[in-house]
Amino acid sequence: MVGVLLGMLLAPLLALGLGAGAAHASVPTLCLAQAGQTACVSGTVGNRTNPVEGADVVLRDEAGTEVDSLTTAADGKYSFQVTEAGDYFLFIDPESLPDDVEIIPPAPRFQAEDGSIRVPVKLGRTTAPDLEVRSVDYDADGASFGEQIIQSVAQGLRLGLLLALASVGLSLIYGTTGLSSFSHAEQVTLGGMVAYGLINVGGLNLWLGIVLTTVICGATGYIQDRLMWQPLRRRGLGLTQMMIVTIGLALAAQYAFQFFVGASQQKVLVRTFDVVEIGPVRMTDMSFVAMGVALVAIGVVGFVLLRTRIGQATRAVSDNPALAAASGIDVDRIIRLVWIAATALAGLGGVFYALVVSNGIRWDTGMQILLLLFAAVTLGGLGTAFGAFVGAIIIGLVVELAGPLGAPGDLKYAVALVILILLLMVRPQGLLGRAVRVG
Amino acid sequence: MSEPTTTTPNGAATGSQDLADPAQRRALMADVVQEPGSSKPDPILTVDRIQRHFGGVTAVDVSHLEVQRGLITALIGPNGAGKTTFFNLITGFDRPASGKGAHWSFNGAKLDRTSAPKVAKAGMVRTFQLTKALSRMTVIDNMLLGAKDQSGESLAKAMFKPLWRDQEAAVLVKAEELLDRFKLLEKKDDYAGSLSGGQRKLLEMARALMTDPTMIMLDEPMAGVNPALTQSLLGHIQTLRDEGMTVLFVEHDMHVVQHISDWIVVMAEGRVVAEGPADTVMANPAVIDAYLGAHHDTDLGDDDLLSDEVISELHHEADEDEARRAREEGH
Amino acid sequence: MNEFLGILDAVVGEAISPDTAAVAIAVIGLNIHFGFTGLLNIGQAGYMLLGAYGMAISITYDIPLALAVLIGLVVSVLFSLILGLPTLKLRGDYLAIVTISAAEIIRYTGRLAAFEDFTGGSQGIFGKNYQGPFMDLSFFGDGSFELLPLSYRDAGGGDVVRVLGLLVAIAAIVGIVIIGKRMKAADGEAPKIGTSATPKLILAALGVVLFLALFFSFPQSEPRTSVDGWWVRVVAWSLVGISCIIVFLLVRSPWGRLLRGIREDEEAMRSLGKNVFAIKMQALIIGGMFGALGGMVYVLTGSVQADSMGRQLTFFAYTALLLGGAATIFGPVLGSVLFFSARILVREMSGAYVPNSIMSNQQTEQFSYVVVGVALVLLVIFRPQGILGNKRELRFHV
Amino acid sequence: GSEDSEPEATDNESSSESTDSAAPADDEFTNDECPNGSTSDDSFKAGGILPLTGNLAFLGPPEVAGVGMAVSDINAAGGVNGADACHQIEDSGDTTDLSISTASARKLIQDKASVVIGAASSSVSLNFVDRLTAAKITQVSPANTAVDLSGYSDFYFRTAPPDGIQGNALGSLISSDGFQKVAFIVFSDTYGTGLRDVVQETIEAGGGECTYGCKGDGDEFPAGQTTFSSEVSAATNSNPDAIVILAFDETKAIVPELASTGWDMSATYFSDGNTADFSEDFEAGTLTGAQGTIPGADAAQDFKDRLVAWNEYAFNDGLTDFAYAAESYDATILAALAAYKGGATDSVTVQKNFAAVSGATGGEECTSYADCTAMLDEGNEIRYVGPSGIGPIDEENDPSSAFVGIYTYNENNKNELTTTVEGQKQS
Amino acid sequence: MNTETTPSPAAVPGAGQTPVVEAKDLVAGYLPGVNILNGCSLTAYPGEMIGIIGPNGAGKSTLLKAMFGLVKVHSGTVHLGERDITNMAANQLVQMGVGFVPQSNNVFPSLSIQENLRMGLFLRPKKLRERLDAMWDLFPNLHDRKDRSAGALSGGERQSLAMARALMMEPSVLLLDEPSAGLSPVRQDETFIRTRQINKTGVCVVMVEQNARRCLQVCDRGYVLDQGRDAYTGGGRELANDPKVIELYLGTLAKEVGKE
Ligand SMILES: Nc1ncnc2c1ncn2[C@@H]1O[C@H](COP(=O)(O)OP(=O)(O)OP(=O)(O)O)[C@@H](O)[C@H]1O
Ligand SMILES: Nc1ncnc2c1ncn2[C@@H]1O[C@H](COP(=O)(O)OP(=O)(O)OP(=O)(O)O)[C@@H](O)[C@H]1O
Ligand SMILES: CC(C)C[C@H](N)C(=O)O
Ligand SMILES: [Mg+2]
Ligand SMILES: [Mg+2]
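Taken in sequence, the protein lines are chains Y, G, F, R and W. Each residue of the first sequence is one higher than the last, beginning at 1 in my numbering. Each residue of the second sequence is one higher than the last, beginning at 1 in my numbering. Each residue of the third sequence is one higher than the last, beginning at 1 in my numbering. Each residue of the fourth sequence is one higher than the last, beginning at 1 in my numbering. Each residue of the fifth sequence is one higher than the last, beginning at 1 in my numbering.
Bear in mind the hints are in silico, worked out from the structure with no lab data behind them. It is possible that part of the hints are untrue.
With a straight-line Cα cutoff of 30 Å, these simulated DSBU-like cross-link-like pairs (lysine-lysine) come out [claimed, not checked]:
#  : chain 1 : residue 1 : chain 2 : residue 2
1  : F       : K128      : G       : K188
2  : G       : K118      : G       : K188
3  : G       : K110      : G       : K100
4  : R       : K112      : F       : K128
5  : F       : K89       : G       : K157
6  : G       : K157      : F       : K181
7  : G       : K188      : W       : K72
8  : G       : K121      : G       : K110
9  : F       : K128      : R       : K352
10 : R       : K112      : R       : K136
11 : F       : K128      : G       : K161
12 : R       : K414      : Y       : K122
13 : G       : K174      : G       : K148
14 : G       : K188      : F       : K200
15 : G       : K161      : G       : K100
16 : G       : K174      : G       : K157
17 : R       : K304      : R       : K215
18 : R       : K136      : R       : K181
These numbers come from a predicted model, not from an experiment.
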């Protein structure tokens with residue numbers, strides 16, 4: 001009764017999937033086992049990516065009687081329907097195989113004396129025999145360990161450089177104003193989102209889009225400082241309070257992204273980038289571009305910070321805003337510059353992150369890396385921009401290398417954090433931070 | 001509080017003279033050789049071979065120093081001589097260069113590797129040159145924190161008020177007394193962060209006194225305190241000395257130094273370069289040259305002084321030793 | 001009217017829910033860390049998770065409830081020691097990053113496939129596997145309860161009674177806040193409360209009124225044992241009350257003064273002979289124990305899931321703390337209640353009054369969180385010291 | 001509610017509609033949100049705790065549409081025992097903020113829902129299932145597949161097949177494609193690891209082996225992760241024949257990473273979490289030949305069309321994803337039928353009759369609410385088979401069998417149904 | 001921008017001239033409702049050197065800060081020459097030729113000495129070389145340590161640096177808050193003489209001091225502040241000998257010691 005019903009129901013589906021059921025050889029892709037009535041033995045000689053055509057496949061039952069046989073077509077598939085449970089034996093005529101492939105013996109429990117493969121069949125199930133056909137020069141080992149490491153290092157540098165774009169800005173903000181901005185990660189997301197809007201939705205040219213995104217993101221920094229941070233500073237709001245403000249902002253921003261863009265991941269550019277191979281390193285061309293841009297951007301910021309008086313002014317402001325003002329520095333302007341630079345960098349980082357690392361942008365992309373950003377900033381020594389850069393590179397490398405070096409994959413972030421903790425124990429002021437004088 | 005006078009010659013081990021008497025004090029130190037590192041009849045603090053370098057600069061290099069119990073000792077010296085660093089070292093806020101055999105002891109107990117709180121608990125309490133007010137606490141709370149051995153500060157007893165109520169009341173009385181003397185009683189319920197520069201100095205000193213230290217180390221206590229108040233506070237410090245407290249203080253105001261110190265130690269370039277009673281030390285040409293300046297007692301209102309010679313002379317005096325140091329640093 | 005009542009129900013429901021109480025307890029702990037001692041612990045959720053795991057895993061191994069709770073607390077103490085020994089010497093900001101990292105490590109470890117047998121891995125531990133012993137303790141009988149003319153089940157039925165009940169409740173809350181403020185104003189200084197007994201009595205009375213009002217306006221279908229029933233609620237809020245009292249007793253003592261001193265300047269404290277490290281460790285341990293306790297209460301009504309006690313929760317905890325006012329006794333409680341119920345309020349309001357043609361259900365929901373975020377920002381901007389906090393303190397940044 | 005009210009007229013009318021018309025007109029729909037204050041006392045109240053925000057939010061729209069359209073269909077067929085049906089969808093959030101789902105559950109308990117459809121994520125369901133059970137509210141999840149939820153409580157049902165069914169189908173598919181060594185890129189969640197375990201078992205039972213991401217290795221990535229270069233390199237470095245990706249939206253980040261290593265996509269497998277239309281996301285040809293499984297019979301095109309139309313009608317919004325829409329629809333219809341059968345709209349009635357109307361006690365098959373109520377009116381036992389095609393609810397409150405569709409990606413990165421297998425729940 | 005220091009026309013300052021700086025009836029404070037200055041006035045004529053003394057907490061620093069725009073003035077005015085600069089931002093005042101040395105926190109601890117000085121000349125980077133050389137001449141002890149971070153300096157070294165930083169801009173009005181605090185006696189003397197010298201070039205100097213003896217010696221006029229009001233004013237020497245001032249404020253210590 002149920003079977004009939006099922007059959008009825010299946011009919012249209014079968015028609016959909018199986019299409020034209022023509023000759024005996026072109027069997028349906030999957031034999032359909034019906035509960036309590038039939039069972040299927042099906043599989044592929046070779047495999048889906050490298051099928052073997054013209055192999056003679058024979059299925060025998062326990063008694064050795066041939067149940068059915070066929071010769072594989074171009075897709076290498078075979079499929080037999082049987083009506084009784086029990087052990088069956090699949091035999092492939094080695095003669096019918098091309099010279100460059102061989103049959104790997106199945107697992108011992110499936111081995112039968114005559115070189116055929118034992119197939120235990122249950123009714124209502126489809127069973128795939130343990131048939132392994134490989135080309136004779138098949139090499140079971142993958143890339144060498146050394147190559148894996150080099151590849152991971154390259155990926156780590158890529159991740160690190162893009163993290164650095166964001167963490168340098170975070171560090172700048174912290175350095176000048178003492179604020180730990182938890183919404184900085186959303187600035188990264190914003191970069192990706194704006195780029196998505198401009199490039200994917202708006203159809204703008206990629207490079208133009210990136211430039212425009214950076215500008216727009218910088219503008220958000222300007223606006224934020226103008227409308228919020230500056231008035232708050234004026235009113236002497238404490239740093240923890242401001243930190244909570246950033247948490248609120250982050251919350252609002254995340255849901256605003258969901259509101260406007262939706263909750264699923266979006267592509268900045270629907271395109272598969274070409275893969276470039278340099279020695280053992282294999283990455284998309286865009287990855288190299290991203291790394292280059294990141295380096296240049298950070299280089300420029302570094303130059304400004306170290307070599308120009310504006311850069312020193314940021315440190316002066318962070319040390320003592322009142323005294324900075326007393327030295328003729330327009331504190332508000334410096335801080336605003338920092339906000340603009342930090343948000344622009346984060347936006348730029350966001351675009352490239354979305355382009356080459358996360359292959360898309362989602363409302364929580366930034367949030368996912370927030371902790372890594374803070375870890376990078378701390379690792380390098382709080383408030384030193386160059387430290388944040390070094391920290392980010394280290395974090396990137398650790399995250400990518402954790403796997404190949406043996407840490408379980410689900411611990412790779414944890415490993416980065418453990419390293420952070422260990423480092424702080426040895427060097428409490430961070431890698432590049434300076435100890436301060438007491439008394 | 002003052003101990004009965006027992007006349008031990010030189011008071012070597014006990015040092016229990018009546019130090020409230022200036023004559024006795026003078027007598028006590030009369031035999032002490034007036035040279036760096038001389039030994040004292042009853043040293044409360046003994047320091048040996050203590051060194052501290054900051055990237056090539058030798059901030060402190062004291063081979064031997066003793067501080068007499070029950071007296072007020074002043075530590076003077078040019079800016080950057082290492083006075084504050086020396087304080088930091090012996091109170092456990094900094095660590096001396098290792099491998100030099102640094103050793104110091106207080107009241108007979110070894111202090112070499114002791115942490116700052118332990119030093120303070122042992123009875124040697126210091127103040128900071130750059131004040132450290134506990135900004136978001138009231139002045140009175142700042143004071144109460146100073147008191148030692150409060151049973152209410154143990155977590156086990158904290159929750160049960162009867163266990164510490166009486167002690168708290170006693171401490172409070174004492175704190176208010178001190179505040180009154182330091183002209184801060186009015187401010188007692190204000191946050192310490194709202195005090196003026198000088199008031200913070202005062203609070204810092206008063207708070208240190210709350211601990212009933214055996215020896216108090218003051219780092220420029222009077223810098224920024226107005227003269228009239230300074231005067232009355234000096235009186236207080238003298239009383240404390242008379243009651244048995246040892247005082248070691250850094251000060252640049254020579255009137256203060258002359259007024260209350262029983263003994264002066266001069267530091268320069270990290271080393272102790274001279275020791276002795278006020279009059280002798282201040283007459284020492286080297287000290288005048290490098291530290292006091294020739295015009296120390298002249299009136300600066302005279303426009304003649306504005307001549308370039310005077311300036312360069314002053315300049316020279318102060319810079320001589322610094323230039324020497326710079327040369328040393330170069331190597 | 002109906003709409004209004006629905007919203008009110010939802011809001012008050014959230015306000016008095018055991019989860020809110022759980023977070024409040026954790027925030028009380030955080031207040032000891034951050035508010036009083038200045039330890040920037042951004043890993044409070046880690047403590048909660050540890051406490052929850054400690055208790056739940058113990059119970060699944062048939063350890064009696066009391067012991068299980070103790071185990072949860074002990075685990076948190078151990079965690080404090082492990083975390084504190086190396087890091088309490090670090091500067092504040094670094095402690096922050098270490099604590100948040102440690103909390104994340106706990107979370108990652110908790111959901112690790114390798115520990116699935118204990119922690120349930122990413123799936124967590126089912127509530128029914130550990131809630132039994134606690135629910136069995138309930139003395140709420142069959143859930144019907146009568147107080148003179150009021151019977152618990154009836155009162156819950158009529159809308160009028162509920163509205164009245166809620167009004168009484170609100171009046172009680174307002175009363176408590178006002179008296180609280182008065183007492184503080186009279187007292188001058190931050191955490192000391194009332195010198196004369198009358199206001200305290202009035203406070204207590206109002207508390208009882210509040211409880212009864214809420215009790216009779218909030219009928220529960222299974223008051224005795226349900227995870228949402230009165231048993232859990234009463235226990236959770238009693239724990240909140242006890243925590244407040246403990247904190248009050250602690251911070252008004254000289255020990256509490258030490259904490260605040262450390263918050264201001266450690267060097268100064270060291271120069272006064274205080275063992276800063278030991279005191280910070282004590283604070284870390286005690287605050288952490290409250291965190292663990294909060295975690296245990298938090299999972300009493302749900303399941304133990306690593307992800308539910310992550311960064312987000314810590315952020316919420318901080319928000320609640322600053323909203324209510326750091327370094328105050330009731331701030332954490334008030335902040336938690338307000339934060340969580342305000343969220344619901346915004347959600348419900350936008351759900352009820354924004355028509356579908358403008359925003360779909362989903363967008364309304366998302367929009368309401370945007371509003372929550374912005375409201376949070378505005379609140380901090382316009383009342384930076386929190387509701388009960390002391391504005392004067394804000395003037396001096398350390 | 002009274003049972004004898006005007007069944008005939010509406011039934012006939014709507015049954016003809018829902019069976020015959022392939023592309024129904026807009027005006028057939030209604031969007032019946034529950035008025036405030038309504039309870040199961042006066043209406044059939046389909047509550048929902050569905051992911052409107054959080055990291056599963058992309059699954060929200062199809063599920064909401066499934067519930068909403070079911071309610072619309074129920075009312076078109078005359079409601080439940082004369083009472084109107086309505087829906088009240090609350091947010092489930094995600095596991096990072098359980099207070100959202102807690103509050104939603106509390107609200108639906110207070111509002112006395114007849115049934116609660118949800119949650120999507122098994123972990124979120126676990127958060128409030130005890131609460132609903134204690135309040136005797138029936139919960140039907142359209143998407144929970146965690147094995148551990150089988151038979152969790154009397155009040156917990158689901159219309160999504162537990163992982164065993166799909167995992168088995170996916171595993172067999174891989175084996176019969178001739179792949180022996182398989183790597184898994186799996187996210188660390190009940191769903192991901194549960195499914196992985198079954199697939200891996202199936203493959204290993206057939207003599208294959210797992211090379212990366214295997215059970216117990218700890219190579220799962222945490223939900224929401226955004227960078228996959230290390231997972232992808234590790235997986236390809238393990239030199240597998242095929243790679244199985246068990247993830248949600250993260251797939252969009254994993255695929256390009258995989259492509260950049262030169263991996264042959266026709267040896268890649270997806271599951272229901274990610275077998276979606278990627279034509280907007282990747283350059284044409286990226287996924288050609290990749291395969292994936294989705295439990296549930298093929299949600300027939302006209303069902304999808306109707307969903308799109310309903311969503312357009314109700315929210316002025318397009319619908320692109322259809323995952324779990326059919327299960328949500330069936331969950332709602334089954335609950336309504338259970339209420340209809342029991343003659344009352346309260347949740348306990350729904351719970352009592354839920355299994356029965358799904359065919360657990362035998363009965364004649366019917367495929368629409370209208371048809372089924374008509375048969376019920378005649379006093380027959382029924383077996384409702386809706387667009388999800390699940391078998392009767394078994395004693396563990398799971399679908400006893402379910403179809404698993406196998407999809408292959410074409411050059412445009414769109415998944416096309418190639419075949420369907422029926423999987424049985426394993427014991 | 002007033003770049004050149006204007007040489008004062010008359011060596012003897014006094015009435016009849018336009019004051020360089022004039023604070024009138026200032027009421028100012030840190031907290032709303034709590035005024036620290038209660039109607040405090042101060043006038044400085046061209047080329048004058050003014051000393052402000054008073055007990056701790058009298059509001060001396062607050063007065064300087066209020067004049068320099070670092071504390072909000074609730075009522076009253078501050079004029080720089082003809083110009084009303086009440087509540088004007090500090091960095092603008094620097095541009096207009098006002099220099100300020102705060103009492104505490106007067107260096108940038110994480111910057112090196114040279115960078116500190118560079119910040120002092122933030123508005124006129126072009127003259128950096130020249131001014132740096134001038135400062136190295138004035139403060140050779142700083143030159144030796146020019147790449148050392150200011151946070152590591154001793155109290156006195158800091159004080160020198162703070163002074164040097166303010167002098168970088170060649171201000172025409174110099175506000176000094178206890179410039180001699182923490183300096184060794186010889187350096188104190190040097191500071192006073194140097195300040196006097198600078199003053200002689202026409203720079204108007206207003207200094208708060210606790211070293212009252214020295215301060216009143218070098219200053220043309222002095223103000224004694226008490227409780228936010230200017231209690232006494234007069235010539236430097238007059239004040240130094242005024243018995244009321246001595247009682248209230250100066251004390252007799254210096255005299256006593258002198259007698260000894
Ligand atoms: N943490 C440090 N890093 C580098 N140099 C330091 C540090 N601390 C002190 N110094 C240097 O060591 C020397 C001695 O400093 P110290 O503060 O002890 O001097 P001082 O005698 O107290 O001077 P003052 O009277 O000016 O306060 C100074 O040159 C100072 O720059
Ligand atoms: N930031 C502040 N907030 C609140 N009140 C303050 C603040 N700074 C100073 N005060 C108060 O203002 C008053 C005057 O302080 P000010 O610093 O002007 O004193 P001063 O005359 O410079 O004293 P000193 O000689 O000690 O430096 C003091 O009573 C002090 O308590
Ligand atoms: C939405 C889903 C795919 C959820 C998944 N089946 C789970 O049970 O967690
Ligand atoms: Mg010093
Ligand atoms: Mg002052």
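Tested hints:
A distance of roughly 57 Å separates the Cα atoms of F/K128 and G/K188; the hinted pair therefore is violated under the 30 Å criterion. A C-alpha spacing of about 28 Å is found between G/K118 and G/K188, which places the hinted pair at or below 30 Å, so the restraint holds. Only pairs whose Cα atoms come within 30 Å are accepted, and G/K110 paired with G/K100 is accepted, the gap being roughly 16 Å. At most 30 Å may separate the alpha-carbon atoms for a hinted pair to count; R/K112 and F/K128 meet this at roughly 23 Å.
For the suggested pair F/K89 and G/K157, the alpha carbons sit about 26 Å apart, so the restraint of at most 30 Å is met. Distance check on the hinted pair: G/K157 and F/K181 sit about 29 Å apart at the alpha-carbon level, within 30 Å; holds. At most 30 Å may separate the alpha-carbon atoms for a hinted pair to count; G/K188 and W/K72 meet this at roughly 25 Å. Using a Cα cut-off of 30 Å, the hinted pair G/K121 and G/K110 holds, with the two alpha carbons roughly 13 Å apart.
The straight-line distance between the Cα atoms of F/K128 and R/K352 is roughly 22 Å, inside the 30 Å bound, and the hint therefore holds. Proximity of R/K112 to R/K136 is assessed by CA-CA distance (about 10 Å); at most 30 Å being required, the pair is judged to hold. Straight-line distance between C-alpha atoms of F/K128 and G/K161 comes to about 43 Å, which puts the hinted pair past the 30 Å bound. For the suggested pair R/K414 and Y/K122, the alpha carbons sit about 34 Å apart, so the restraint of at most 30 Å is broken.
For the proposed pair G/K174 and G/K148, the alpha carbon gap of about 12 Å is at most 30 Å, so the pair holds. The hinted pair formed by G/K188 and F/K200 meets the criterion: a straight-line CA distance of about 27 Å does not exceed 30 Å. At roughly 49 Å between alpha-carbon atoms, G/K161 and G/K100 are farther apart than 30 Å, so this suggested pair is violated. For the given pair, G/K174 sits about 22 Å from G/K157 by alpha-carbon distance, which is consistent with the 30 Å threshold.
Among the hinted pairs, R/K304 with R/K215 is inconsistent with the structure: their alpha-carbon atoms are about 36 Å apart, more than 30 Å. For the suggested pair R/K136 and R/K181, the alpha carbons sit about 47 Å apart, so the restraint of at most 30 Å is broken.
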